[in-house]
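Q: Each chain is listed here by its residues.
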Amino acid sequence: MTETPSPRDRISDALRTANADGKVGLIPFITAGYPDKDVFVDTLKAIACEGDVVEVGVPFSDPMADGVTIQRSSHAAIAAGVSLQWILDELKAAGDIGAPIVLMSYLNPLLAFGFDELAEKSAAAGVCGFIVPDLPWEESESFRHSLDSKGLALVQLVTPVTPDARLELLCKGSQGFVYAVTITGITGGDVALPPEVTNYLDQVNSHTELPVCAGFGVRHAEQVDNLGKHASGVIVGSALVERLEAGDDPAAFLASLRA
Amino acid sequence: MESDIDEQQGADLLARLIRNELPDEHGRYGPFGGCYAPETLVPALTRLAENVYRYLDDDDFMAHLDSQLRGWVGRPTPLTLAAGLGKRWGAEVYLKREDLAHTGAHKINNALGQALLAREMGAKQVIAETGAGQHGVATAAACARVGIPCTVYMGAVDIQRQAPNVDRMYQLGAKVVAVETGDRTLRAAIDEAFRNWVADPEGSYYLLGSAVGPHPYPYLVQRLQSVIGTEAREQMLNIAGELPDLAVACVGGGSNAIGLFHPMLADDSVEFLGVEAGGHGPGLGDNSATLAAGKPGVLHGSYSVLLYDGDGQIQDTHSISAGLDYPGVGPEHSLLKTIGRVSYVTATDESALSALQECCAVEGILSALESAHAFAGAREWAQQNPGKRILIGLSGRGDKDMPTLSQHIPSPLVATGDAA
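For the protein sequence lines, the chains are A and B, in the order given.
Taking numbering that gives the first Met the number 0, the leading residue of the first sequence gets 0, the next gets one more, and so forth.
Taking numbering that gives the first Met the number 0, the leading residue of the second sequence gets 0, the next gets one more, and so forth.
I should point out that these hints are in silico values taken from the structure, not numbers from a laboratory.
Here a beta-carbon is modelled for each residue, glycine too, at the ideal position from N, C-alpha and C.
Each hint should be verified, as a subset may be incorrect.
[Stated by the list, open to error] Listed next, the stretches of chain A that the computed footprint assigns to chain B, with coverage defined by at least 3 CB atoms under 8 angstroms from CB atoms of chain B:
1) 72-83
2) 107-118
3) 124-138
4) 157-168
5) 216-222
Based on the sequences and whatever the hints tell you, model everything.
A: Below you can see the structure in the form of structure tokens.
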């Protein structure tokens with residue numbers, strides 16, 4: 000009998016499996032309930048077929064690390080009544096969607112929910128981990144403590160301006176994967192791949208055994224292919240949300256990224 | 000993250016605050032404060048904190064700041080005995096005249112200090128947010144003086160209601176960016192300034208205008224604004240012969256209030272009153288009364304009292320004064336409220352307007368709408384506590400508010416021949 004992997008290990012396992020199949024790991028991101036609340040779970044299942052891990056954005060009124068696309072999707076989702084409680088209820092009702100789920104949320108909705116209750120309800124809803132862009136390592140102890148009790152991951156972000164000693168600290172502390180922000184800026188841009196970026200990704204890799212996934216500004220197959228030489232996976236957010244807004248088939252777009 | 004503090008813990012925290020041991024090494028004022036910033040900004044904030052502690056304790060830097068405050072800002076600002084208001088209120092009323100500081104408000108104390116710090120740190124450009132436009136104007140002026148290019152983010156709603164200040168910023172050489180996202184007021188302007196800082200954390204210096212934000216900003220702003228309370232304390236002793244029974248200031252983010260209060264926190268005989276914007280009334284979204292109606296949470300980098308709903312979404316706010324129209328408050332104020340050293344009340348739009356008119360009529364001073372909230376709070380306190388000595392922080396002048404004032408109180412023109 001094999002032991003059931005912890006939720007956080009399911010994330011790294013899914014990315015390693017993709018790599019073992021000769022593929023770049025793919026983590027699609029959507030803002031929960033956007034653009035259409037009624038098809039949230041259907042959309043999630045569709046992108047889970049193409050992605051290895053799925054990142055679900057909890058909308059927040061003041062997304063200060065996000066560009067215009069995620070600002071727009073967040074405000075619309077809040078206006079439509081999407082909340083953390085609604086998301087957890089939907090996910091629990093949906094059961095296994097076919098890929099591990101990571102929730103991306105700013106801190107205040109998590110604080111308002113209560114950390115311990117959140118960890119319990121997230122685990123019950125099949126959530127495997129969290130990405131919290133306004134929660135630096137130094138402030139994260141109490142949240143990590145709550146997540147630890149359920150084996151959930153708190154994914155650490157690193158950036159091109161992170162000093163080496165801090166990079167080591169964050170890589171050591173991360174769970175599930177290491178989120179390597181490719182650009183010094185907010186989400187939604189278009190990342191070029193100069194040698195600085197690839198050198199930086201190689202440096203991040205040198206500090207961790209966990210999969211390293213590159214995010215912010217990923218929108219084309221060529222980028223995915225190039226980033227894949229230096230990272231275990233890529234995160235595609237704003238570009239996917241824009242496809243959903245345009246009414247395009249998200250699965251076809253995601254498939255085209257790894258064609 | 001608990002904010003339950005018993006009486007003994009409160010007394011200890013106050014003693015530490017007075018001894019300048021707060022914020023602690025984690026940027027905390029008891030449970031409040033901290034540094035909740037995107038990872039991209041963490042190295043920049045660490046570097047800023049190192050430089051704040053280095054330069055604010057450097058005699059040469061502080062002597063240069065002091066000489067600029069005297070020669071360019073016009074400090075010390077006067078303390079004015081407001082005999083007319085005193086007579087009407089049955090009190091002895093003094094005004095600390097930040098409206099007479101260069102650019103017309105207390106904001107210049109912070110903007111100048113931080114612009115000088117930005118130059119020492121080798122910043123290539125300064126970015127800033129503004130609500131009422133006073134911080135934007137002060138930053139534009141300070142950057143022109145110090146010689147650093149400056150970009151100011153301002154909500155589209157505020158651009159409408161504080162139009163004179165937009166033109167002043169242009170004249171002073173700043174680039175003004177209209178923020179059309181979010182609530183299009185101060186809060187959205189701060190979001191946008193942070194986004195732009197994230198794009199260039201090493202070359203840009205973010206000149207935050209209130210005692211809010213991630214560590215070290217609340218401390219930095221308190222230190223630079225404490226010139227208000229330090230001067231006022233000495234002036235009270237020289238002019239009134241005694242300290243005030245009450246010091247009053249308006250509170251949005253809380254920079255002028257912390258500047259007035261902090262240097263007198265050790266004076267046990269002095270009571271403090273912070274006056275928040277009560278807007279149209281107590282309903283959700285009708286005011287900006289953060290400390291009166293909020294609970295602890297995280298926005299714009301610090302753990303402090305905030306207005307948010309059950310899902311953690313930050314609430315839209317309202318105030319007639321753009322400078323108070325903000326759903327958060329500085330972490331030191333959250334501590335001072337929790338330990339009971341400062342009382343916080345609200346004044347509605349209507350009572351602020353009537354206080355503004357009263358001050359014009361009997362003192363010949365047009366105060367800013369923000370500061371008018373302090374007058375309204377002081378007036379009410381005076382009614383309940385007759386015969387007391389009251390010090391009001393007059394944080395800024397009201398010229399910028401003329402578009403709003405004209406809307407609420409139209410000026411009747413007197414025709415020739417009717418003048419007599």
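Q: Work down the list of hints and note, for each, if the structure agrees.
A: Results of checking the hints against the structure:
no., hint, result
1, 72-83, "holds (count 4)"
2, 107-118, "holds (count 6)"
3, 124-138, "holds (count 6)"
4, 157-168, "holds (count 6)"
5, 216-222, "violated (count 0)"
Checked against the numbered hints given earlier, this structure breaks only hint 5.
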